[in-house]
Each structure stands twice: as structure tokens, then as C-alpha cells.
Amino acid sequence: MTRLLVLPLLALAACQANAPDNAANDAIAANQAAAPVKDIETLPPDETVVEPDNADVAEAAIPKSMRGRWGLVPADCTSTRGDAKGLLTITPDTLQFYESRAKLTKIVGNWPEKLKAEFAFTGEGQSWTRTETLSLTNSSNTLVREDKELPKPLRYTRCQ
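Here numbering that gives the first Met the number 0 is used: the first residue of the sequence shown is 0, the next is one more, and so on.
Since the hints were made in silico from the structure, they are not lab data.
When the alpha-carbon atoms are kept at most 25 Å apart in a straight line, the in silico PhoX-like pairs for lysine-lysine are as follows: (1) K105 x K63; (2) K84 x K147; (3) K113 x K102; (4) K63 x K115; (5) K151 x K113.
All chains, please: the whole structure from these sequences, using the hints.
So this is what it looks like as C-alpha cells:
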């Protein structure tokens, strides 16, 4: 019977791994701690300003998403008498207003849903140039027109 008890104890002792040598582990840890650490180069933050890509000014055009008929008030879109004073019609290179038109001369910045460009205006016997910013909001159903000469931005609604 003692043989039966001794046999499992011997088998159990044979299966256990040898206990690690603490002195050897301490030596390895000491060597790792004493090894020189390579300096990590810290780079300054990237402060590069990426300007919009306007490489092909010759092919400059007002984005398709901004083209069409826009009204300051709903009646501008439905007038049949030609008195829609708040109607703005946008083509690839022109902003057409009630009594003036603006021809695209240079794109200053072109981002998704935003255009900043220089326009040559003519109307009522006069000519002038302005930089206009056009922005789309409200799922592209509202066009905001900004100009430093305007007291506040104008909000147009897409005509249906």
C-alpha cells in the first residue's frame, strides 16, 4: 500500500519544473537595467498649414453643388414677373443677381461645401471686384454668401 502512495508522489515530483535560480534572474534584471537606452528623438509638432489645392486655375469653376437658383425669400423662386430681387443664379463661372452679375476671376480657396473666390462685378453701369465666400449648409439646401462689404452674411434657400 505504501508503494501506491509513493508512486503518485514521485510522478508529481517529476512533473514539476525546477525552481528558477533567483540569483541568475537577479543578474539578468541588473544587466537589463544597466544597459544604455537609446535616446528617442522628439520632433517638434507639425505646424504646416495645408492650403487648398488650386493648381488648375484655368479650369476653375464654381462647384456643381452650389450651382442653380437660390432665393433670399420663397417668392424669389416663384416670381413670374421678373421682380425676384433676391434671386441668385449660379453657373460654373457666374453669379447672376437681379441687377448685376459677377464673373469668376480667381479661386482663392476651395473646400468641401465652401468656396472663396474673386469675382469681377458689373451692373447699373459700374464695375467692381470683390472676394466672396460661398458656403453650403443644411444638407446643401442653404447657401451662405459672405463679403466684407455686406453688413452680415446673406442666407439663400435652394429653389425647387
